[in-house]
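**Student:** Chains as they are written, first to last, in the working numbering: chain U, 139 to 433; chain R, 989 to 1256.
Hints in this document: simulated from the structure, not taken from any laboratory.
Some clues are possibly wrong.
[Claimed, not checked] Covered stretches of chain U, as calculated for chain R (at least 3 residues, CB under 8 Å):
no. : region
1   : 167-174
2   : 241-253
[Unchecked claim] Far from chain U by the CB rule (all over 10 Å, computed), these chain R residues:
no. : residue
3   : Ala1042
4   : Leu1045
5   : Ile1194
6   : Phe1232
[What the hints assert, rightly or not] Short, incomplete list of chain U residues facing chain R, as computed with Cβ under 8 Å:
no. : residue
7   : Gln190
8   : Ala191
9   : Ser195
10  : Lys210
11  : Asn224
12  : Asp226
13  : Ile237
Since the model is a prediction, treat every value here as computed from it, not as a measurement.
Where is the CB? At the ideal position from N, CA and C, for every residue including glycine.
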Amino acid sequence: MGAIELHDVVKTFGPITAVNGLDLEVPEGICLGLLGPNGAGKSTTMRLLTGQAIADSGELRVLGHELPAEAKTARGLMGVVPQLDNLDVDVTVEDNLAIFARLYRVPDVGEAVEKALKIARLQERRRDAVDELSGGMRRRLLLARGLVHEPRLVLLDEPTVGLDPQIRTELWTLIGDLKARGTTILMSTHYIEEAERLADEVAVMHQGRVISRGHPVELISEHAGRQTAEVYGPPERLAETRAAAESKGLSVRPAGPAIAIVGSERGDGVIPEDAVVRAASLEDVFVLLTGEEAE
Amino acid sequence: MESATQAPPEPRQMRRLEPTAIAGIMSREVANFRTYWKGTTFSSVMEPLVYLLAFGLGLSATLVDEVEGVPYIEFVGTGMVATAVIFSSALPSMFGTFVKHRFQNTYDAILAAPVDVEELVSAEMLWIAIRSGTYGCVPLLVTIAFGLDPAWGMLLTPLFCFVTALGFAGFGVAMAATVAKIDQFNYVTALFVTPLFLVAGTFFPIDGLPEGVQVVAQFNPLHQLVELVRGGAFGFEWADLLRFAFLVGFALLTWRVAIHQMRKRLID
Chain U
139 MGAIELHDVV
149 KTFGPITAVN
159 GLDLEVPEGI
169 CLGLLGPNGA
179 GKSTTMRLLT
189 GQAIADSGEL
199 RVLGHELPAE
209 AKTARGLMGV
219 VPQLDNLDVD
229 VTVEDNLAIF
239 ARLYRVPDVG
249 EAVEKALKIA
259 RLQERRRDAV
269 DELSGGMRRR
279 LLLARGLVHE
289 PRLVLLDEPT
299 VGLDPQIRTE
309 LWTLIGDLKA
319 RGTTILMSTH
329 YIEEAERLAD
339 EVAVMHQGRV
349 ISRGHPVELI
359 SEHAGRQTAE
369 VYGPPERLAE
379 TRAAAESKGL
389 SVRPAGPAIA
399 IVGSERGDGV
409 IPEDAVVRAA
419 SLEDVFVLLT
429 GEEAE
Chain R
989 MESATQAPPE
999 PRQMRRLEPT
1009 AIAGIMSREV
1019 ANFRTYWKGT
1029 TFSSVMEPLV
1039 YLLAFGLGLS
1049 ATLVDEVEGV
1059 PYIEFVGTGM
1069 VATAVIFSSA
1079 LPSMFGTFVK
1089 HRFQNTYDAI
1099 LAAPVDVEEL
1109 VSAEMLWIAI
1119 RSGTYGCVPL
1129 LVTIAFGLDP
1139 AWGMLLTPLF
1149 CFVTALGFAG
1159 FGVAMAATVA
1169 KIDQFNYVTA
1179 LFVTPLFLVA
1189 GTFFPIDGLP
1199 EGVQVVAQFN
1209 PLHQLVELVR
1219 GGAFGFEWAD
1229 LLRFAFLVGF
1239 ALLTWRVAIH
1249 QMRKRLID
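Build the full structure now, drawing on both the sequences and the hints.
**Tutor:** Rendered as structure tokens:
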């Protein structure tokens, strides 16, 4: 039994189909990165899993519980770290944790709070109002709040969106620790680096469905080959190079001021000598599959 | 990494309206209330004091001596209980619910835990009703300080206030779950809250109003509360049982409507 099993799930909002025949299985004990551009359906998928959105059709099971009928029971077994900071800002750090320990029916609230404070490394700030914490501390607290009941499954919805690099690295360390404990993690993100660093497997989501899935290295090998050549120059030169590469069946994508020729190891004769050749990346895969610029 | 807490409890099927869920949500309200109780308490005492001074002492010294055989200041003081209840239940539930949903995303956090909309709404209503039931008694205490004789029936005032506040909390939550923008509360206040407040019989007896208005006033929960509070102070009558039953019905009705509206608003 997978921790998460979604089969042919559809969710529409009026004329917009947010989730379109989604099939997704997450085995227990892995970290699956749900990678996709804005509007791909990642957040709606997260809301479907918590029962905060009801699918129009399809089958959903979380930790063996059918949704939406048993969503409340399933929620008791999972932790959710939301994209938006929704801490109670006037309330102390420890009260924020204690409230959620109670909501999750933890038998010993005091002990749960102590351990969560340790996870967030906020023991010294326990009696401070959340308003007085730095952005990084708040984010750590948000993560610890989602873990206060030691869930078997954790949903991380864009856990580091909008954060500066230092705070992002801090959170990656915490998420890495969580992985090491064997907790199943479903993490939606549109940051390539985040998925590459943390996910055992990546599912690329686009227009409401998973269009490719695998270990990052497998995905790169399957879709992008070994190397990517970045070519810089005036637009006319880039257009010529692009046409030549495409005539050889190579995929070409924009890369800021340059173009990136994916699978350039197969591009004898069309890769200019001054091209910057690098190892193919998950970003190449992401852009090729979704047609969107990566972050 | 440190494990977050003790071994997780055995998975069990959750039921509807679990007291632990309701208590958990209320503990959040209590934690927040500890940060702002001084201001709320100050205004709850000052408002009836100002009204009593302005209307009670002002009017009784110049225009009105007695109403229905009761000194005017005592008539207004007992009626002010209803004013305190509606302003400490309908308005906080409207604005509080809207802000928590739209701006603070509080409900997203709560509903990600094993809590459902029915428990969420019930807990919000209960908390507001407890607060309002308590603060609603303040005008009565202030009026006693102004000379109203204490009576045993007054001990029921917190209960009357609680049930009425429950109804208005449900009304406020339902409105918050219905309006699209916070400005639209102006319509709610102008169309419902102010008229209910004015035809409750707080400042003047409603039997002086046109007959049609008198009939409508019988369906005003605030008027029923005013009558019950005055019953507690000056003597109950059998009709008060019906008044209380009406308030219980009002609370039950708005509870279910609030749950329905909030479910529509919170669950996609």
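**Student:** Indicate, hint by hint, whether the structure satisfies it.
**Tutor:** Evaluation of the provided hints:
With a cut-off of 8 Å between beta carbons, the region 167-174 of chain U has 0 residues touching chain R; three or more are needed, and the interface restraint is violated. With 9 residues having a beta carbon nearer than 8 Å to a beta carbon of chain R, the region 241-253 of chain U meets the requirement of three or more and the stated coverage holds. With a least CB separation of 33 Å from chain U, R/Ala1042 remains clear of the 10 Å interface cut-off, as annotated. Under the 10 Å C-beta cut-off, the non-interface status given to R/Leu1045 relative to chain U holds; the minimum distance is some 38 Å.
The beta carbon of R/Ile1194 is kept farther than 10 Å from every beta carbon of chain U, the shortest such distance being approximately 42 Å. Annotated as non-interface, R/Phe1232 keeps its C-beta farther than 10 Å from every C-beta of chain U; the closest such distance is 33 Å. Because the beta carbon of U/Gln190 sits about 6 Å from the nearest beta carbon in chain R, less than 8 Å, this interface hint is met. Interface restraint check for U/Ala191: the shortest CB-CB distance to chain R comes to about 4 Å, inside 8 Å, so the restraint holds.
Of the supplied interface hints, the one on U/Ser195 is violated, with its beta-carbon coming no nearer than about 15 Å to a beta-carbon of chain R, more than 8 Å. Evaluation of the U/Lys210 hint against chain R yields a held restraint, the C-beta minimum of about 4 Å falling below 8 Å. Taking 8 Å as the C-beta cut-off, the interface hint given for U/Asn224 holds, the closest approach to chain R being about 4 Å. Evaluation of the U/Asp226 hint against chain R yields a held restraint, the C-beta minimum of about 6 Å falling below 8 Å.
Among the interface hints, the one on U/Ile237 holds; its C-beta lies about 4 Å from the nearest C-beta in chain R, closer than the 8 Å criterion.
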